[in-house]
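*Asks:* What follows is the residue order along each chain.
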Amino acid sequence: MIDLQRIFVKIFATPSDKVSQEDFVPVFHSFIKEKKLGEVWVDVTNYAHVQHGPGVVLIAHHAQYAMDEADGRLGLLYSRKRGSSGTLTERFSDALMRAHDAARELASAPSLQQSLTFRGDELLIGAQDKLLAPNSDKTLALLHAPIAEALENTRGKPHTLTRIGDPRGPFTLLASPR
Amino acid sequence: MASRTWKTHLDSQLPKAMADEINVFETELELRQKGKLEEKLFAETRLRRGVYGQRYDNGLRHDGEAQQPIPFPSGELTKGPMTMWDAPGMQRIKVPYGGLTAAQLEMIADLAEEYSDGIAHITTRQDFQFHFIHIEDTPDLMRRLAAVDITTREACGNSVRNITACPRAGVCHDEPFDTTPYAKAMADFLLGHPDTQDFGRKVKIAFSGCRDHACALTNIHDIGAIGVNRAGKRGFEFYVGGGLGAVPHQAKLLEEFVSEEELLPLSQAVCRVFARLGEKTNRARARLKFVVAKLGIEEFRRIVAEERKLIPNAPEHTAYLGMLHATDEKPIKVSSLLRKGRYPEGFEAWRSTNVYQQRQSGYSLVTIKCPLGDLTSAQLRALADLARKFCGDTIRTTIEQNLVFRWVSNDDLPALYTLLGAIGLNAPGAGTIVDVTSCPGTDTCKLGISASRGLAAELGTRLAEQALTLDKSVQELRIKVSGCFNSCGQHHVGDLGFLGASRAVNGRRVPNFQVVLGGQWKENGGAYGLAIGSVPSKRIPDVVTRLTERFVRERVQEESFQTFIQRIGKLALRKMVEDLIEMPTYQEAPGLYRDWGDPREYTIGDLGVGECAGEVVPFVEFGLAAAERQVFEASTLLEAGDPSGAAERAYRAMLHAAQALTRHVGAFVTDAPDDIVAQFRTYLVEPKFFWDPFAGEKFVHYLTRVHGTTFEGVTSERAHQRIEEAQLFVDASNQAYARVGEARQKAAADAKVVTA
Ligand code: SF4
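Taken in sequence, the protein lines are chains V and D.
Each residue of the first sequence is one higher than the one before, starting from 178 at the first, in this note's numbering.
Each residue of the second sequence is one higher than the one before, starting from 233 at the first, in this note's numbering.
Read the hints as simulated data drawn from the structure, not as lab findings.
A quick note: this is a predicted structure, and the numbers were derived from the prediction, not measured.
For glycine and all other residues, C-beta sits at the position ideal for the given N, C-alpha and C.
It cannot be assumed that every hint is accurate.
Simulated restraints, written as ranges between beta carbons of each label pair [as the list claims (entries may be wrong)]:
1. D/Ala899 with V/Gly260: 48 to 54 Å
2. D/Lys621 with V/Pro354: 35 to 41 Å
3. D/Ser584 with V/Gly333: 54 to 60 Å
4. D/Gly267 with V/Gly260: 18 to 24 Å
5. D/Thr240 with V/Gly297: 53 to 59 Å
6. V/Glu199 with D/Gly578: 54 to 60 Å
7. V/Thr337 with D/Glu368: 46 to 52 Å
8. D/Lys802 with V/Glu199: 23 to 29 Å
9. V/Gly297 with D/Arg620: 38 to 44 Å
10. D/Pro305 with V/Gly333: 48 to 54 Å
11. D/Glu791 with V/Glu199: 44 to 50 Å
12. V/Gly260 with D/Leu509: 46 to 52 Å
Put together the whole structure using the sequences plus the hints.
*Replies:* Below is the structure:
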């Protein structure tokens, strides 16, 4: 088994005129202050000035939570950087659960006044590790089973997985419930 | 769990010296984790590899009400004084003269995505840097950079930093010749050079192609070289002792004409003088500018000339002259005229500010304006594709935190503009008032006092909205923002410069910016601005509006902003902002007590201790630490079943320690083992510095016994013994180092008594 650490999950948000990137800055700061989500929090950083960038990012010791706008699609991007352990299925499951927990917290943040909703119909899941998991069919063959299992375990449904994205970029699967 | 690693994957592909250097760093990292390397030494070691601290790395963060500890998993382990091991840090990479290839952009994209926060940041020294990096990831990050010929060596620390140069070098109308190969030669020559390892602080060097236009700002550098032709011979006007920071100095002319042949040895001489005479304890006065100011340029010139005579001419001083064309660029498209016709929307405005017609007809240099110097991985990959399509490997970064594509065939400009638009990078206004430069400030820098990036983003957005209606005289102005007096945002040379400060009002802190007006970007940063007062951060946009409106209203003919500022005078300028300086109470305007982009109440409680230059660690200590590391490596080799290798490494450790000590006492010693042993005897053993009161010369024999022998066939037992001896030798070397120090102190005290 490969020791994959840098696993990511992006849960898409429904576009809304009522929320801007700047609105996430105080929300993320409050996550730090209120010690939410059981992470070791470090800081908040703002890349709203970059087109289709990571937006506002909440940095934790092991992971980052970004209101990512890659490809023009807003979503909560959870990127694990270190500290993943267990089987591959467990690692992907853990990432999925953490991303869902963060999305839930965000959606219920009082200052956002319920104007942010997340979509359940599709999400991105993958790995940012060019050595162990380049964005190729070979990686798909290697990771399809643990990812499918993790999705089914955490979301209760089987998913269709399609590999997408720049082959130079991270290994990325578009997952939608069957 | 055994997985493939970048080390096994890349080691054999990297140049040996680079691979070894990174492996050594990885070992040092391991030693520090085990508590076997002093934190101060490790800090300077990592800084010299571009691994830098970041805000909150002391493990504390203010949440707006109180400072809270960050419960990092590695607990009290540190990677430097008051720098927690787990705290994410910044990794800077060196990009000499800003030159990049498409493959390098792709690598930077990968690293930003995998190890950082998805953003690569262009600095005001033409470098790239990544933030929020785990220290354990740095060796792999370095290996992957090395695979595309990029080093992080000496990107921070008390060393020669990235050598900058005009991004137009080679295509500019004003230059007598392309300074690129000279900047490259200087970077190669000084990287890791023994004469650049013992500085009290950093040295910044820049190359410019002409005196009058800005681009490289040689006047603000420790060493600045401006290309000149004299009687058909190439050479440089050579400046020294410039610098910004809290006490800005304009560089002084050292030599009117330095020939190509003399460029490197003269720079070497300056470095040696700086290493010898520069301040080592008081960091605030440790830059070259203070040496030049203290001695006066005449005396400094004399000392450098004397030093130059002591440096034997060496082949590496001139070898590069045979390869001056190695950095020449070849266009990948034929030159062309821009065809008349319907252009994409916004193209003309973009072309008027972001396109420079090269000296080579039919080609343009295109500036890609990168907001706050930030690029995503997706943008970097797309830029690599565009470079391959339009200009090849002719990419450069600029000190205004942008990228340029050179050698774009003119008729390709509309297509390039459109494709840049698809990735959000075709904004006009490069090099104008909307193109605000900023250092990282409180976003990530430990020393940041105010949110320079927050202010820069706000100004950039507001001004861009008004760009079309702004008077032309205002459009041409430049805004530069620094988060503190270290001046990384180069605010001294902006028309409108802002410098982070803080003020106390009724027991609360208010983020401020000192307003610095009329700095000169032209003439290589020819004049520094005038400070007129400190204004709350949130009111700086009002300052900009007032000043620019008055400039448009009262400008006399073609008067420059600098002349206008001088004519109006400090008093009148101060009056213009006086009401903005007045502070309402917290209850009346709580927003003023917060900084840009930060909802927390403002505090300076998060200010850390700077690492810009690290601790000043005497060179000898690096040598002794390296010897220690080699002893450790010897044990690892023995464990791996290689007793011969282990015994040899143990011997190398002793040689290394002996060489470091011999250099420390001022002897010139080569890398040849015979020379090291002979000089070590003369300078350390005979004067009884390396001598034990009980064991006498016992430890010396550990070295001399194995010197000149072969290590083949050494048994494990014997290798083990050699390692033990090497450890004792290194311990004795540390004692000898202390003895030399005591002797020096005594000599100094005796000299005082005699003088008295
Ligand atoms: S100017 Fe100050 S705040 Fe800005 S990067 Fe330099 S040291 Fe940090």
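*Asks:* With reference to the structure, classify each hint as holding or not holding.
*Replies:* Right, here's what the structure says about each hint:
About 50 Å separates the C-beta atoms of D/Ala899 and V/Gly260, a value consistent with the hinted range of 48 to 54 Å. Taking the beta carbon of each, D/Lys621 and V/Pro354 are about 40 Å apart, inside 35 to 41 Å as hinted. For the hinted restraint 54 to 60 Å between D/Ser584 and V/Gly333, the CB-CB distance of approximately 58 Å keeps it satisfied. Distance hint for D/Gly267 and V/Gly260: a CB-CB separation of about 22 Å, consistent with the stated range 18 to 24 Å.
In this structure, D/Thr240 and V/Gly297 break the distance hint of 53 to 59 Å, their C-beta atoms being roughly 42 Å apart. The hinted window of 54 to 60 Å between V/Glu199 and D/Gly578 is violated, with their beta carbons roughly 26 Å apart. Distance hint check: the CB atoms of V/Thr337 and D/Glu368 are about 36 Å apart, inconsistent with the given range 46 to 52 Å. The given range of 23 to 29 Å is broken by D/Lys802 and V/Glu199, whose C-beta atoms sit roughly 36 Å from each other.
Look at V/Gly297 against D/Arg620: about 40 Å separates their beta carbons, and that is inside 38 to 44 Å. For D/Pro305 and V/Gly333, the Cβ-Cβ distance of about 32 Å falls outside the hinted range of 48 to 54 Å, so the restraint is violated. The hinted window of 44 to 50 Å between D/Glu791 and V/Glu199 is violated, with their beta carbons roughly 39 Å apart. Our hint of 46 to 52 Å for V/Gly260 and D/Leu509 holds, since their Cβ atoms are close to 49 Å apart.
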